[in-house]
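Protein chains in written order, with the numbering used here: chain A, -3 to 315; chain B, 679 to 1004.
What the hints contain is simulated information worked out from the structure, not anything from laboratory work. Yeah, the Cβ is synthetic: ideal placement off N, Cα and C, and Gly gets one too. Hints may be right or wrong, so weigh each one.
What the hints assert, rightly or not - Okay, derived cross-link-like pairs now, BS3-like style, lysine-lysine, Cα gap no bigger than 27 Å in a straight line: (1) B/K878 x B/K942; (2) A/K127 x B/K786; (3) B/K700 x A/K130; (4) A/K160 x B/K700; (5) A/K3 x A/K268; (6) B/K700 x A/K224; (7) B/K878 x A/K160; (8) B/K788 x A/K103; (9) A/K222 x B/K867; (10) A/K130 x A/K160; (11) B/K929 x B/K878; (12) A/K103 x B/K786; (13) A/K130 x A/K222; (14) B/K929 x B/K999; (15) A/K127 x A/K224; (16) B/K788 x A/K52; (17) A/K127 x B/K700; (18) A/K103 x A/K20; (19) A/K241 x A/K259; (20) A/K52 x B/K786; (21) B/K700 x A/K84; (22) A/K211 x A/K127; (23) B/K999 x A/K84; (24) A/K127 x B/K788; (25) A/K103 x B/K878; (26) B/K929 x A/K130; (27) A/K130 x B/K788.
What the hints assert, rightly or not - Using C-beta positions, here's what the derived DEER-type ranges look like: (28) B/K856 x A/V306: 48 to 54 Å; (29) B/D904 x A/V313: 42 to 48 Å; (30) A/D6 x B/E725: 48 to 54 Å; (31) A/F310 x B/G752: 23 to 29 Å; (32) A/E308 x B/K856: 43 to 49 Å; (33) A/F310 x B/K856: 57 to 63 Å; (34) A/G195 x B/G802: 25 to 31 Å; (35) B/A952 x A/K254: 58 to 64 Å; (36) B/R680 x A/V306: 49 to 55 Å; (37) A/E308 x B/R841: 38 to 44 Å.
As the list claims (entries may be wrong) - Computed footprint of chain B on chain A; a stretch qualifies when at least three of its residues, placed anywhere within it, have a C-beta under 8 Å from a C-beta of chain B: (38) 86 to 93; (39) 97 to 104; (40) 119 to 129.
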Amino acid sequence: MKFTPEKLIDMLIKMYKIRFFEEKVDYLFALGLVHGTMHLSIGQEAVAVGAISTLKPDDYILSTHRGHGHCIAKGADINLMMAEFLGKETGYCRGRGGSMHIADVEKGNLGATGVVGGGIPIASGVGLSIKMRKTGQVVICFFGDGAANQGAFHESLNLAAIWKLPVIFLCENNMYGMSMSVEKAFAIENIAKRAGSYGFPGEVVDGNDVLAVYKVVLKAVERARKGKGPSLIECKTYRWKGHSKSDQNLYRSKEEIKFWKMKCPIKRFKEKLIAEKIITNEEIKIIEENAKNIIEKAVDFAKNSPEPSVEEIFDGVYS
Amino acid sequence: MREITYAEAIREALRQEMRRDKNVFLIGEDLGIYGGAFGVTYGLLDEFGEERVRDTPISEAAIAGAALGAAITGMRPVAEIMFMDFTTIAMEQIVNQAAKIKFMFGGKAKVPMVVRTPAGSGTGAAAQHSQSLEAWFTHVPGLKVVMPSTPYDAKGLLISSIRDNNPIIFIEHKLLYKTTGEVPEEEYKIPLGVADIKRKGEDLTIVATSIMVQRAISASKELEKDGISVEIVDPRTLKPYDKKTIIESVKKTGKVIAVHEACKTGGFGAEIAAMISESEAFDYLDAPIKRLGGLDIPIPYNRNLERHAVPQVEDIINAAKELIYR
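Excised from the complex, chain B in its bound form (with noise of 0.2 Å):
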């Protein structure tokens, strides 16, 4: 099969919806000549023009209220916040309004509508340009929350939730951008809320979301060289998110660790190890779970400091056998 990259990936989705539903509709800032800061939505404006991919001012607050608008009456926005970090301004309008107007009002309303940004560190543009605050999305109900780690589920998964009638969170990761894999070039979708096996193994489970499963498989190749036998659970959906699949895997290998990039402290891993320790799995563990997350500050500038501030691979081939050695 054809590889391409995860922004290809991510591009052939909005094409490929964009000419299925003429509702689909791109807005936010530096999208059409620009191509959006990392090139996603390079070329979309040759072929669906100013009025479906639609340059807006540096208003984040009013690129929310837009798209949600647009979406309670009939329209499918995907809108693009430039950085993960500038959905703060848009906060008031995802949170108490788009996540909350179905429920408010008794289920009367659609809010089909997709916010994507780019989040992480390791582009060296500190603290401001490089959070990863998925957790605290995932607090809110009425919000769906998908976070994809290879091209091929970017893909599906941006076009299952374009179709989907709830907002939706869909946090790329900047470092994945350039990354390949295989990406069938028909449409399909990935249904949100199911996790993927991202490796089969029998001594260790690693539960990881969107640039830790690359670091995570690059660990598990080298603990095989230690005869470790490393399983990755990708959830992809955090929010609804695929306890099941989760549970299976803790029960087959007894150990745990739940990484992510965002700050350690109130992180998804949080949850995670929440959701094992009150369920059957519990009874399956031989070791304590374990949690890897960014140190609790923010994102320095400094490359090395930048890289100690998240997991490495490194970090989780070390946490790895601490597990297994225990």
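Chain A on its own, in the form it takes in the complex (with noise of 0.2 Å):
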């Protein structure tokens, strides 16, 4: 598979945009200005960036609680999401959602879930009317591997099989849910397995390397396009910090998470460019600075919004 080097160094951007935007709001949160909780995604950006870059601007996601990198390889507004996780008015919910149900409906981004599991029956709904309205969009499912123990996962992955929904389920395998492993959660070795059981074909990619993921992702996504139905993919992967702010990380060693940082799919993608001459440390340079930028203005453009108005608290209850 060929890519423009255009592509590639969008999808390296991308990444790094999430591990930045990440590692600031953690920081924003033990400063104070973040309450609630947040759920980092950070070691896993070639998940949401892979299988988002196969995606045309139309096309769906949905996400879940682990959602900040959906978001952003959506194409986000960092200002619009950094204003939410402030809970600001100008956030992309108003200040009603907060990090956990980041949507961007005009961009496709049907929203994160705080309920494990909760975004697989819209997937399938989404689907459907994609195929009603005939419009050729996709939608790609993301969820984790503790969500394909819900018995959602089975009611909806069966609906769209046998109505061959345009839907790409993709779960991003972290290897926890919560301090649950997946060893001890599943008495098979791939999730990806369980598509055979509903009749279509199953793939488990490297979910680390963002070049696998999308390819793999790309072939769901052409196939579904053409009205041959669902896929499952099971991105294996790795979240670096704890399952959200609550985590003391006592079910996992160092050396396990020494050994995932070592695979940091932002170090293996840069390398990889660097190595194709795709990219020079220069300009690696400047991304990262750009990105840094981008994250520090929305810090700005966040701190100085408004909170929202108590007069409007009804507001978006009913429409």
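Got two chains here, each in a separate frame; can you build the complex from them with the hints?
The structure is reproduced here in structure tokens:
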């Protein structure tokens, strides 16, 4: 598969944006500027970027509680994201959603959900709508390994299968559902194997290799566009940070975390692009600087944005 | 005017809306050839085909989720959950997702979906096919809850529900499906959140929902023989509901019974009673507010026990006399 340098660099930029955004909001949380909780996807950037880079702008995604990366990869405005984290009126959800519910409906990001597996049934409905409206779009439904053990997973994958809906079920297997390891939660080695019981293809891919993710997802996207139905893709990856802000990492070893940090998807991709002379170290530095500047500007934008007004507290409950 | 059944009125609303708007479609279990467990969608497959009268596997969570996903991307699905008891299986999608998506996303999504579902006892179907769970749904901001008691209301309220941009729980009663009433042939809308005074009266207000409206009408005819004039208020929509009409009626009569089939504890009658006691109507009351609801038990199978489990006409008559002759 041939990639243009522009495409490759665009993917690298997005991965940096995700990494720096999450490092920044982690810091803002420590300062007390962001309240509640958040679920960081640091270490999983290749999945979001590899998968979403296969889409056209009008295609859809459904995200998860660990969804910052999906949102940025789908082209979100960082200012509006940051404002949402700070609970501001200018945020994507007018400060009503926060980290766990960011959506950008206009750009086809149908939102993150706080319920594990909660987006999977919705994805089949989006696929149904695409099929009935005959628009040729597709939808990527992200979910974690934990969600694959929810009952709704079974119902929804079956529905998408019998109606041949254009849905890519993308399991981000980051090895733990909160503290429970996949070894304990599954009696099978690969979650992708479950696709066989619904009658569609399932594939396992190295989720820390952005181009590998891209290739596998693209195949599923093309299949979906041709009307051949859904696919299940399992991206094996790892979250460096805890499940959420309450996590003390009691269930995994420092060595394990260190091992996975060695497989950093950004470092790996960057080194590959340098080795292939697609980009220079100097250009990487510029990309990093630019990404950091965008994040800093977003923090300023968010800090200077107004709080939502209490008078409008009922807005959006009903249309 | 012609008379048709409650089931026919619902079918006519579905047919007219599907003809009017190609984005309206039906999704649920056994809707097509079978016509739905109670025959409500019978014949629609012939006119609209399998694409728009969409039979699903037995997967209630997926039905609700599919309706939701379709709704937020431009369709107007009408889902059917075969028995209200089975909405429990779809609850995550209805309560956590459909009801909240608009709000969580800062108002930037529309969720034009209807979940039709038959509730109520009286069919001998026992504890898992007879529940009236409307109060649960009224407790969830973002949902609207509609509960028609006549064929006329069923048609007009369903058309309004399909054209509404919010998730709506449309609760039908199994024993009402075969009841008849006058229904115009043309399309018409009944606004959501507006009560209807089913009978004018002076001595006592009965706020009744769904099948209890019919039982209250029967009771009021008996009470009339004793010179007791009953006003029957049917909220028709439980969320949002028409407080003003109830308050005005209570101010006029000074006595009120709230009656529903669902279990009394935590039932919608508690909301009605509390609302009245907080309102200006409180000063007009000359008797305690009375609630009639189902016993706090699962619906039993035995015919007599089943009948006993929920308010009947004679229970309403007795409650009315207690209030009048106290």
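Point to revise | Indices of hints not satisfied (ascending) | key: 7, 9, 21, 23, 25, 26, 33, 34 and 37
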